[in-house]
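Participant: Construct all of the structure, not just a fragment, from the sequences and the given hints.
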Amino acid sequence: MTDNTCIQGQAAALCIENLDTDQIMPKQFLRGIDKAGLKEGLLYDLRFDTQGQRRPDFILNQDAYAHASILIAGSNFGCGSSREHAVWGMQQYGIQAVVASSFAEIFHANAMNNRLLLITLPPEQVAQLMDDANDSANNSIDIDITAQSLRSRNVQASFELMPRHRRMFLEGLDSIGLSLSYQDEITDFASNHWTHQPWLRHVAATARRHL
Amino acid sequence: MTSRTLYRKLVDSHTVTWLDDENLLLFCDLHLMNEYTSPQAFAGLYEQGHEVPMPDQNVAVVSHIIPTHPTRVRIISDPASALQARNLKKNCDHFGIPLFDTNDALQGIEHVVAPELGLIRPGMVVICGDSHTTTYGALGALGFGIGTTDVEHVLATQTLVYKPAMDMRIRIDGTLPVGTTAKDLVLDVIGRIGAQGARGYAVEFCGTTIDALSVEARFTLCNMILEAGVRGALIAPDQKAIDYVTSRAPDIAEQYLDAALAAWDKLHSDTDAVFDIEHHFDASHVAPQVTWGTSPDQVVAIDGSIPALDTILDHSVRGSAARALAYTGLRAGSAIEGTAIQHVFIGSCTNGRIEDLRAAAGIVHGRQVAQGVRAMVVPGSGAVKRAAEAEGLDRIFTQAGFEWRNAGCSMCLAMNDDVLAAGVRCASTTNRNFEGRQGRGAITHLMSPAMAAAAAVSGHITDVRQLEVLS
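Chains as they are written, first to last, in the numbering used here: chain X, 1 to 211; chain B, 1001 to 1471.
Check the hints yourself; a few may be wrong.
Here are the simulated EDC-like cross-link-like pairs (lysine to aspartate or glutamate), alpha carbons at most 16 angstroms apart as the crow flies [to be verified]:
| id | chain 1 | residue 1 | chain 2 | residue 2 |
| --- | --- | --- | --- | --- |
| 1 | B | Lys1090 | X | Asp34 |
| 2 | X | Lys35 | B | Glu1047 |
| 3 | B | Lys1240 | B | Glu1216 |
| 4 | B | Lys1240 | B | Asp1265 |
Read the hints as simulated data drawn from the structure, not as lab findings.
Facilitator: Quick look at the structure:
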């Protein structure tokens, strides 16, 4: 891992509302049992035509945006399916951050769990960032995670991160390890929970045996 | 104790501990898995050397990838999909997790199988690597979808790091008119509040309309409202819900029943509980609904018109509508009724239950699938399939020219071999009309099972209320 505190890169505007994870990572790329090969699938139908040729009009296919690492996106980005493949594919492609006025909730959790930075800003600032991104000669963005600030040619913004998410980025929080440190509490909780509601215990195994 | 909503009660009763000001550790009673969002989670467990401490609170179903051709033994011919199924079995065997495998008689779509087999009980927290896990709110269980990293977290700890949502109440009163169903109701609600209208909220449904819905109709409602961005959808369990559960969960019936009934009796919002936002809708004016665009909120009543673009004031909403119409090949301002279709799909976790098949069969009976239309019924589970066959619904469908298939997710997300070609227009009972969802370039119109059946026999999108029931 290089520098965890700053992301600096070219931005590309993807001005589509409610861009769903079916489009971010189409179904044919969900057949693996590992995370490999998802770079190819990213936004596949938008990037390639039905003959598999690159669509020259799509922003990420233009030379000036070939190395874009920050997306400025429409609202409710990542809605639909819970498939985390969408996040893995974005990272494999080289996307490090997405800025939008809102994100779908499961996608947001998936992104943060993988340290793909999502930044929520008011719609007016997102619109300005899109304008800035569309000037391909001067569309660099600097993001400082420690300071929770973002700067483009015409926009200077600060953004909110949940303290837990900030730690994930800056320290590489091991979520499972941390939760396992509460193992005794979990065991005690379960024991008490099942004492009062024994019909909630072994539900899956019991049903499977009965059927 | 201060007044609480049903949602808060469920979160509180499953809080192991608070981790910080915003996040808590949520205990998960039941974790469902499928073959395509779990493999990388299991791989993570092996890599880190983690165990699954409570395997009996987890269950797996092969549902998204399997072929639905009407053969007795199902063989997954796609090598990558076959590997996913084998891999799921291997992982479940290794960790001792119960599985409903490809050729299990009880196999089906995870969200259809789990409640019908009595695995979902009021007061539970149920999670799954699938967004439509909100279905279980119909039984007073808090259900929601998670990604693969969280699947791994749950397997290793039986908990989830969870930030509670805000509370929304949607009260719906009035009688749903003849010819309309829970699917029309939920499409109408999504159309009103929008695809982001409930983002960040757990929704509780109440009102006389909800009271009158069957449990299966409530599944449809709680399943599909996910398309408004909800983080959970709840209906306080009533006698109908309790009867549904107790008739399917023989292990509760004896020594625990009284205690369970007493616990379930408390599963409702306190009368003076405060919601962050409330909506109130009248069901008596709801007409059969059909989507015209590529987002579930791009929906219109069958006797209505696709919106004219200049009536949409919001710039980005207008842009989305224009983009959607370019994809679906429809014209702004025109009627949706009469649009010719080439395919009909009846099934999915939204509308693949026995009541859905009965409703569709009621329209199909005595009629024939229109020339040039391919129509298929994919039951939501093996149990639904057998129940339908016992009632003779399969014969009604096949005599009309429908294909009667084996259970699975099939053409809802088209991850198996049921995929539509570009340009094919489909009347579908599924939950998503996204671009390319049923096949690249294919066009999906969401509607109720009865409306899909009406489209099948007429060859175009039609108002089911105009069709006389012939049977």
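Participant: Of the hints given before, which are not true for this structure?
Facilitator: Checked against the structure, no hint fails, so every one of them is satisfied.
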